[in-house]
Every structure is written in structure tokens, then in C-alpha cells.
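> Here are the chains, one letter per residue:
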Amino acid sequence: MNGSPLPLRATAPGGVDAATQAAAARRLAAHRRARLRATLLVILSQIALLAAFLALWEYMTAFDKQAAFMFGSPSAIAGFLMTMARDGSLWRDTYVTGVETLLGFLVGNVIGTLIGLSLWYSRFVSRVIEPFVIALGSIPIIALAPIIIIWFGTGLTSKIAMSTLSVVIVALVTSYKGAVGVDEDQINLMRTLGASKFQIFRKLVVPASLADIFAGFKLTVGFALIGAIVGEFMSSSEGLGHAIFKAGSLYIIPKVFAALVATIALALVLTFIVGKVEKLLMPWRRLG
Amino acid sequence: MSAVVSPALAARAGAPAAAGAPPLVVAHVAKSFDADGRVVPVIGDLSLTLNEGEIVAIVGPSGCGKTTLLNTLCGLIAPDAGRIGWFGKEMSGQPAGVGYMLQKDLLLPWRTALRNVMLGLEIRGVGLSEAEERAHVMLDQLGLHGFADHYPTTLSGGMRQRVALARTLVNEPDVLLLDEPFAALDFQTKLLIESDTARLVRESRRSVLLITHDIEEAVSVADRVIVLTKRPTRVKAVYDIALGTERTDMIAARESAGFVDYVRRIWADLDVTRQ
Ligand SMILES: Nc1ncnc2c1ncn2[C@@H]1O[C@H](COP(=O)(O)OP(=O)(O)OP(=O)(O)O)[C@@H](O)[C@H]1O
Ligand SMILES: [Mg+2]
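Top to bottom, those sequences are chains A and B.
Here full-length UniProt numbering is used: the first residue of the first sequence is 1, the next is one more, and so on.
Here full-length UniProt numbering is used: the first residue of the second sequence is 1, the next is one more, and so on.
Keep in mind that the hints were calculated from the coordinates and are not lab data.
Certain hints may be false.
Here are the simulated DSSO-like cross-link-like pairs (lysine-lysine), alpha carbons at most 27 Å apart as the crow flies [said to hold, decoys possible]:
1) Lys203(A) to Lys104(B)
2) Lys197(A) to Lys230(B)
3) Lys104(B) to Lys177(A)
Since we're looking at a predicted model, the values are computed, not measured.
My request is simple: use the sequences and hints to build the entire structure.
Structure below.
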């Protein structure tokens, strides 16, 4: 049918035939399998590394009473986790800290992001407040704890306030960076299309900043948790920070680790949720 | 004078001040920039006229101020001196009815091709269903039927630039300001998209100011080629291009008798070797 000297199937005129298509599908499937295998290998290596670490830990503390007292042991930690799960304190403490963290995360990010984005509106205002933002951002959160407790009491509110404060400046800075980083040519294009400043903000600046805003979200999950735990250290009757503090002052080190495991799990779950929401809100990032 | 006039142009022609005035008149425009306290004159003294239905190409040495000129014309930066008249009226703020397109496609990655094309209509408050309808028609005309729901990251460079062209044309601008829009495309894609642009623009008698580095593109697409000097730039030479062929087929234009001669003369004018 064609006089081409090169018998290249894929580029043959008249479109792609069934055999070529099937070959392409096979290649794609093989590629996908290879990728899956690579991911599986990574996960298996991670499990092996963790298992080796725990085994070494267990072995080093098994025959040494003093080491077992100082460092706990995986089996003792697991035992405490079991007991705490049975008596319900594990769930209650995780729930309390989870609520404090989540609320602090939400309030801090909403306030920080709103301020950060709206600073895009005025170069003047953002220049005026820049040194104050840097100053506030450099205060170690723990230094604020005594005042926060005086202002907000020893209950839930003070933990949420601590958590919010450790999040808000980071959220403000990352969202502002995202907003001012928008391509100048893109803004010019919007202007030539007749967009008002608000339209540029809503249709360009906000969506273009989403990637940075979510990077901030991922960063601030940890900060929110630190705020909540530090708040619980200062004064509390429940929560994972409370459990860590109490077990620590009684020298029950495996119990400290048990509460720490729950804290890590909480952080992982929250980070996972943020990642899912990000994928949901930015479907175009999955492509390309 | 012309058989087909775009609605916006007809409406403007009704205004007494604008009757018969060319879409764009630039008179003695000058512009300098401040670079570390030094004043760098970029546009020296520039005058030009763009007539209705005319395609004018501007070529000039790199960095001579072509982009600066375009940004001045569409009101993104203010000139230091001189006058710019759109449709016989002194320019104030952003001119209406002017489309602007760059080498970068500037598509919004979170919008599908269709929604990117709808951007200008949305901004002007055109109803959703009408905007969708018009954007679909525009995409179809540029050979992008079936790609309306694709995100930019899944389109080729040529297709992305076609979407950008559709985004410009869907607003039915009377004048298009194009800044090296096809410079990043491969040769075949470039010829095809140049031909489509010329066809769509000439069908509706829109006017075009095309900035390009590609002398062959300038000669094959434009009715007139303006050659600029280096900084501070002014007009060095003007060529009226008469190729005697249908000016919507770029392959035919490039094969016509006078083509090579124009290219050679403009190349000599640009004096690239002495840079
Ligand atoms: N905002 C600015 N501030 C200072 N100098 C500028 C600014 N914009 C442009 N220039 C200078 O003005 C000169 C002309 O720039 P312009 O982008 O208009 O050139 P051009 O002809 O479009 O170049 P090219 O052909 O490479 O696209 C350059 O030397 C550039 O450095
Ligand atoms: Mg340029």
C-alpha cells in the first residue's frame, strides 16, 4: 500500500493498525508492572529497615535491665499500647490531641492564608508589616505558653490557641510567597483581557498559589501538633502530651514511647488527609 | 472600503471622532528604562500606522525594544513621549478590542482548553452557555475539536499555542498584537498555525501587529514589514510586500517569485553581522 522504504508500523500512513495498538497496550502494561514492582520494593525495604531497627533495639535491651529501663523495648512499648488501648486512654488521649491539632491547624491556616493572599493586594501594606511578621515568626512558641494559659485558661481553648499560633505565621508566609510569585506575564495577559484587580486575584492569583498553600498545609501539620503537645505539657488533664509528660515524670519510658507512637500515627494520618484533599482540589497536577 | 467589517469596528465607526480612522496610529513614541540609576533609552522615536485589515510585521535586532513597544501599545507601560491613537482616539488606560499573545502560551494549568478559551469572555461577564458555545466554535476552527476537556499539560506545544490563539480570537478583537507567538514551534507546526492565523484574521478583516525574529515569517504573513534599528530604536526601513498570491497559504507564499528577494533585502537591512 505504501512505497516507503522504511517498514515503520507506528508511523505508517492511514493510521495505526490493530497489531500496533495491541503492542502499545502490552508495552504500557509492562511499564506499569515495572513501576509497581519498583514501588513494592521500596515499601518492602522500608518494612525490613524498621524490623531490623526494632529487632536490634529489642536484642540490646533484652539482657540488660538498666538499658531496658533507660530505653524501653519494643515489646514493652507494645505492651503499654495494648494496655492503653484496653483501658481506653489511648483513644481518649489521641482524640483530644487530634481535635486540638486539627482545630489549631484549620484556624491557623485559614487566618494565615487569608492574610497572606490578601497582602498581594497591597505592596505598601506588605512592606509595612514585613518586619513584624518576621519578628513574630521568630518567637519560639513555648515562650508564649505561660501567657496563653493566663489568657485562655487551662482547657481546650489554650491548646487550640497554641496550635493556631504555631501555624499561622508559616501559613501567612507560604501563601504570600505563592501569591507574589505569580508570573508577571500572566498578570499582564489578564489585564489585556480587561480583568479587574479582584478578577486577577480570584481567577489567577488564588488558584496559582494553591500549590504553595498546600505545601504550607503539609508543613504546618507538624507545627500544629507541636503547639498542641506543648500546650498539654504546660497544664492539662488529658491528651497525648499529657500522657508523655506524666509517664516521663514517673520514669516509665516505654509508656512515653507508646504515647509517642500514637503521636506519630496522628501526624501521619493528618498528613495523609491533606495529601488526599490536595489531589482532590488540584486534579490537573496528577497529569503531565 | 471593505465588504466585511467586524461588529465592534462598525460600532466604533459610528462615533464621529473615529470615522475612517486607522485602528492604530503611533506618533513619535519614546521610552527609557532606569537601570541601576542609569537611564537607558530603549525606544528612540517611533511612528507607525496600522490600517484596517492589514497585517504588519515588525523585525529588529534582539533587545531593541519590540516587546517594550507592544507593552506600551496595550497600556501595560506608559511611554515617556509621543502619542498613541486607537481608532482615532487618544489612548487612555487599557484599549478595548485588542488581543495580545506571547511566545509563552500562558495557559492556566488548572483550566481545561475550553475554560482557558473562555477566560476573556468570563472576565467580560458573557453568560456561561454563550461563552462555552463560542469557545467550542473557536476551538473547532483551529482544529482542536475533541480536545476541549484536555488540561494544558496533556497538549503538545503546537496545540497549546492554538488554544492560546483561540483564547485571543474568541474575544473578537479588532486588532491583534502578537509577540513572537510561533517562535517556539517546529517548522511544520509553525507553517500550519501561521496559515490558520492568516486565514482567520483576513476572513474577518482584523488588523495584526506581528513581532517576529523570523524574516521569512514576516515576509510570508505580512502586508508590510517594518525593520527597526538597534537601541534606541527607530524605524530603519519599511517594505510593502506584494507577493501576488493568496496570502493565507504560507507554503505558496514562500514559493512565490518575490519572496526570496524580500527576505534577502530585509536580512541585509538588519545587519546582523555587525552586532
Ligand atoms: N522593566 C524594565 N526595566 C529595565 N530595562 C528593561 C525593562 N524591560 C526591558 N528592558 C530593557 O529594554 C531593552 C528592550 O527590551 P525588549 O524586551 O523590549 O526587547 P525585544 O526587542 O523584545 O527583545 P527580543 O527580541 O529579545 O525579544 C532590553 O535591553 C531590556 O533589558
Ligand atoms: Mg521581545
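> All hints are to be evaluated individually against the structure, with a verdict given for each.
Tested hints:
1. Lys203(A) to Lys104(B): holds (19 Å)
2. Lys197(A) to Lys230(B): violated (35 Å)
3. Lys104(B) to Lys177(A): Holds. Lysine 104(B) to lysine 177(A) sits at ~23 Å (cutoff 27 Å).
Consistency with the previously given hints fails for number 2 only.
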